[in-house]
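Undergrad: Chain residues, written in single-letter form:
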Amino acid sequence: MSAIKIQDLSYMYDDGTAAIENVSFEIENGEAVALIGPNGAGKSTLLLHLNGILHSATSFESIRILDEPVDPKKIHEMPKKIGIVFQNADDMLFMPLLGDDVAFGPINLGLEKDEVQRRVKDALEMVGLAGYEHRVPHHLSGGEKRRAALATVLSMEPEILAMDEPTANLDPKSRRELIEILRRLKEKGKTLLIITHDVNAIPELAERVIVLNKTVIADGPTRDIFFRNRNACEDRPGCACDNAAL
Amino acid sequence: MYAGLSSPIRRWDPRLKVISIFALIFSIMLLYDLKLVIISMLFAIILVYISRIPFSFVVGRLKWVFLFLMPFLVILPFTIIGEGVEIAHFSSITLNFRGMESVEFAVMIVIKALTSVMLIFPMIGTSRMDVTIKALEGLHLPNKLVQMFAFTYRYIFVLSNEFMLMERSLTSRGFRRGSNLYTITTLSKAIATLFVMSYEQAERVFYAMRSKGYTGKITTMHEFTLRPQDWLYTVVVCGFAIFVQVAVWYGTLEGT
Numbered sequence: 001m002s003a004i005k006i007q008d009l010s011y012m013y014d015d016g017t018a019a020i021e022n023v024s025f026e027i028e029n030g031e032a033v034a035l036i037g038p039n040g041a042g043k044s045t046l047l048l049h050l051n052g053i054l055h056s057a058t059s060f061e062s063i064r065i066l067d068e069p070v071d072p073k074k075i076h077e078m079p080k081k082i083g084i085v086f087q088n089a090d091d092m093l094f095m096p097l098l099g100d101d102v103a104f105g106p107i108n109l110g111l112e113k114d115e116v117q118r119r120v121k122d123a124l125e126m127v128g129l130a131g132y133e134h135r136v137p138h139h140l141s142g143g144e145k146r147r148a149a150l151a152t153v154l155s156m157e158p159e160i161l162a163m164d165e166p167t168a169n170l171d172p173k174s175r176r177e178l179i180e181i182l183r184r185l186k187e188k189g190k191t192l193l194i195i196t197h198d199v200n201a202i203p204e205l206a207e208r209v210i211v212l213n214k215t216v217i218a219d220g221p222t223r224d225i226f227f228r229n230r231n232a233c234e235d236r237p238g239c240a241c242d243n244a245a246l
Numbered sequence: 001m002y003a004g005l006s007s008p009i010r011r012w013d014p015r016l017k018v019i020s021i022f023a024l025i026f027s028i029m030l031l032y033d034l035k036l037v038i039i040s041m042l043f044a045i046i047l048v049y050i051s052r053i054p055f056s057f058v059v060g061r062l063k064w065v066f067l068f069l070m071p072f073l074v075i076l077p078f079t080i081i082g083e084g085v086e087i088a089h090f091s092s093i094t095l096n097f098r099g100m101e102s103v104e105f106a107v108m109i110v111i112k113a114l115t116s117v118m119l120i121f122p123m124i125g126t127s128r129m130d131v132t133i134k135a136l137e138g139l140h141l142p143n144k145l146v147q148m149f150a151f152t153y154r155y156i157f158v159l160s161n162e163f164m165l166m167e168r169s170l171t172s173r174g175f176r177r178g179s180n181l182y183t184i185t186t187l188s189k190a191i192a193t194l195f196v197m198s199y200e201q202a203e204r205v206f207y208a209m210r211s212k213g214y215t216g217k218i219t220t221m222h223e224f225t226l227r228p229q230d231w232l233y234t235v236v237v238c239g240f241a242i243f244v245q246v247a248v249w250y251g252t253l254e255g256t
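Those protein sequences? They're chains A and B, same order as listed.
Just so it is clear: in the first sequence, position 179 is 179 by my numbering, and no numbers are missing.
Just so it is clear: in the second sequence, position 74 is 74 by my numbering, and no numbers are missing.
With the rest of the complex left out, here is chain A (with noise of 0.2 Å):
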């Protein structure tokens, strides 16, 4: 079964700009895919299609998750199936303590307190803050914002997790440290998604590589991406396409 179809799915901005063209991917389960493509590709406006936040009149036809169509009336029920978290921490933490946000989505979900508790707990330990319950969102370090924004998505327990720049802007330790919880939940099995600009951090996250500028024009293993991209620029002295794409 694919966790993520998407077939011909084009979006425009209200001033006619065209934000993506055609794209068309598929992600199988438990997979991990790195989505990576220069500024302004259309990665941010393609993940807030996926939970049916952003849509278009064609849509509703090109993504299908978990082998099912995104309703846009039916936001509400796409958490389960997806996670989204959002590039700017800040934007995830609106609630005036820690275990309040983390707890937001279970409840909508209408879930039984003792579980929303259970699920709040959990994910504050899988990202390292146990115990931060009764913290103040805007008193915590980058870092632990970003691990934070994270836990708010994992008390979901959603099968597919869709990240934007997760380690943007973090010091090397809080990226190691991010890097580490991805990792686990690669291992356990959880469909990936990550929009990134780290490179570096691509072959310990992703098998798979897809590369958008407005549309889809690379997507592979990662190794071969990569071998690809230098090939090329071999070929071609001072070519500087690798940074451009990436």
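Possibly wrong hints are sitting among the right ones.
From the structure, some residues in chain B lie toward chain A, with a derived Cβ separation under 8 Å [to be verified]:
| # | residue |
| --- | --- |
| 1 | Phe-157 |
| 2 | Gln-201 |
| 3 | Lys-212 |
| 4 | Gly-213 |
| 5 | Tyr-214 |
| 6 | Ala-247 |
| 7 | Tyr-250 |
Rather than coming from a laboratory, the hints here were simulated on the basis of the structure.
All residues carry an ideal CB built from backbone N, CA and C; glycine is no exception.
Please arrange chain B on chain A, whose structure you already have, making use of the hints.
TA: Then chain B, alone, in the frame of chain A:
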């Protein structure tokens, strides 16, 4: 800032605290007797004392409120309807002093306002903001109102941090604050940018909320337990609110 201080007011159940102090403020606002207003102010001072919030902190905040109230003291004695004694005459404008009663009235308005603001300190300042927000939710206040309150509190720090970064950026490029039009226009533009940024962030937060199943209502987990002392404090504060109203009623009866 003083939410961590140990005091009976801090230990008071936040839901009962909010209700009781609101009732007291409401009762004080209905008063039109200077003596009762002064007694209420003394009661408010006692509450601040018990809450252990430093008076210097409270007075520091009240002086700004007083600045807004000062015009009442100046204007009211000359503007209340009734006969007055002419004390000055400027072309077609005549300044009439309406007697000591109008001064008393102005003083009463100012004391009432200061007392009400003073009572906010033991109400809000003795609990962490998240506890107060949960208390409002526990009181079944309209959810939209609680959400607005919670978001304002949460993002005011983010926005003030953004403004601080913006100001640093301006300073690093040679901007110096001054009392001139250039400073006003520059800071106005910075604030306008902040508004645009906050709008965009609001949109992103909304996306994040919808991604987590938000359908318009926020529910949090809170466990408040009522103790006998909570009821005792409630009876004392609400009792005082009722007492001043009864005193007004009794005074009116005696007058007739």
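Undergrad: Tell me, in ascending order, the numbers of any earlier hints that this structure violates.
TA: 6, 7
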